[in-house]
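K.L.:
Sequence:
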Amino acid sequence: MFLKLSETVSVAPQITAADVGAAKAAGFTAIINNRPDGEAPDQPPSETIAAAAATEGLAYAYIPMSQGGITPDMIEAVRKALEGQTTLMFCRSGTRSTMLWGLAEASAGKNPEELAEAARAAGYDLSPIYGVMQQMATR
Numbered sequence: 001m002f003l004k005l006s007e008t009v010s011v012a013p014q015i016t017a018a019d020v021g022a023a024k025a026a027g028f029t030a031i032i033n034n035r036p037d038g039e040a041p042d043q044p045p046s047e048t049i050a051a052a053a054a055t056e057g058l059a060y061a062y063i064p065m066s067q068g069g070i071t072p073d074m075i076e077a078v079r080k081a082l083e084g085q086t087t088l089m090f091c092r093s094g095t096r097s098t099m100l101w102g103l104a105e106a107s108a109g110k111n112p113e114e115l116a117e118a119a120r121a122a123g124y125d126l127s128p129i130y131g132v133m134q135q136m137a138t139r
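With the UniProt record's numbering applied, the sequence shown corresponds to residues 1 to 139, in that order.
Treat the hints with care, as some may be off.
Within a straight-line C-alpha distance of at most 30 Å, the following computed DSBU-like cross-link-like pairs (lysine-lysine) qualify [to be verified]:
#1 Lys-110 / Lys-80
#2 Lys-80 / Lys-24
#3 Lys-24 / Lys-4
#4 Lys-110 / Lys-4
#5 Lys-24 / Lys-110
#6 Lys-4 / Lys-80
Between beta-carbon pairs, the in silico distance windows are [unchecked claim]:
#7 Thr-48 / Gly-131: 32 to 38 Å
#8 Thr-8 / Asp-125: 27 to 33 Å
#9 Glu-39 / Thr-138: 31 to 37 Å
#10 Pro-41 / Gln-135: 19 to 25 Å
#11 Glu-117 / Ala-59: 24 to 30 Å
#12 Pro-41 / Glu-113: 37 to 43 Å
#13 Ala-17 / Gly-109: 31 to 37 Å
#14 Gln-134 / Ala-51: 38 to 44 Å
#15 Asp-42 / Arg-139: 37 to 43 Å
#16 Asp-42 / Asn-111: 37 to 43 Å
#17 Ala-121 / Glu-47: 29 to 35 Å
#18 Gly-21 / Gly-131: 35 to 41 Å
#19 Glu-7 / Pro-72: 24 to 30 Å
#20 Gly-84 / Arg-139: 31 to 37 Å
Derived from the structure by calculation, the hints contain no laboratory data.
Since we're looking at a predicted model, the values are computed, not measured.
Glycine included, C-beta positions come from ideal geometry on N, C-alpha and C.
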């Protein structure tokens, strides 16, 4: 269920409050929710996941990515939320979380090809944002 992108970041499709305990048991210290509330009727609200994270002693960040796309503020928020944490990121399928991770890591100077390869190994494709990642990594 948790797909590893790096030594400190994994992604997953939608989790439930019950999955938060498994995340803690797997060694995660933080959860980032990238799925906007209300996307699907069976989706737990962000407050439910946040409460479960608090109960388990995990840091929690709600950084939703909607059809409006990715903003520089979102990338910076993800980058900051990843600092010093072992993080589980999630959205509906894990794709948006993987894209935000790739952009946040590229903005921190990580190698875009290595990021893209890690995403491919987990079953995700960063090619739609690869050019942007290259630009960010060379700033």
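K.L.:
Would you mind marking each hint as holding or not holding in the structure?
P.N.:
Here's how the hints hold up against the structure:
1. Lys-110 / Lys-80: Holds, at roughly 15 Å.
2. Lys-80 / Lys-24: Status holds; Cα separation ~20 Å.
3. Lys-24 / Lys-4: holds (15 Å)
4. Lys-110 / Lys-4: Holds, because 17 Å separates the two Cα atoms, which is no more than 30 Å.
5. Lys-24 / Lys-110: Between Lys-24 and Lys-110 the Cα gap is close to 27 Å, so the pair holds against 30 Å.
6. Lys-4 / Lys-80: holds (19 Å)
7. Thr-48 / Gly-131: 32 to 38 Å: Roughly 37 Å apart at Cβ, these two residues keep to the hinted range, so it holds.
8. Thr-8 / Asp-125: 27 to 33 Å: violated (22 Å)
9. Glu-39 / Thr-138: 31 to 37 Å: 34 Å Cβ-Cβ, so the 31 to 37 Å window holds.
10. Pro-41 / Gln-135: 19 to 25 Å: violated (38 Å)
11. Glu-117 / Ala-59: 24 to 30 Å: holds (28 Å)
12. Pro-41 / Glu-113: 37 to 43 Å: holds (40 Å)
13. Ala-17 / Gly-109: 31 to 37 Å: Given range 31 to 37 Å: holds, Cβ gap about 36 Å.
14. Gln-134 / Ala-51: 38 to 44 Å: holds (39 Å)
15. Asp-42 / Arg-139: 37 to 43 Å: holds (41 Å)
16. Asp-42 / Asn-111: 37 to 43 Å: With Cβ atoms ~38 Å apart, the hint holds.
17. Ala-121 / Glu-47: 29 to 35 Å: Taking Cβ atoms as reference, Ala-121 and Glu-47 lie about 33 Å apart, which means the hint holds.
18. Gly-21 / Gly-131: 35 to 41 Å: This hint holds: roughly 39 Å between Cβ atoms.
19. Glu-7 / Pro-72: 24 to 30 Å: About 26 Å separates the Cβ atoms of Glu-7 and Pro-72, which means 24 to 30 Å holds.
20. Gly-84 / Arg-139: 31 to 37 Å: violated (23 Å)
Checked against the numbered hints above, the structure breaks hints 8, 10, 20 and satisfies the rest.
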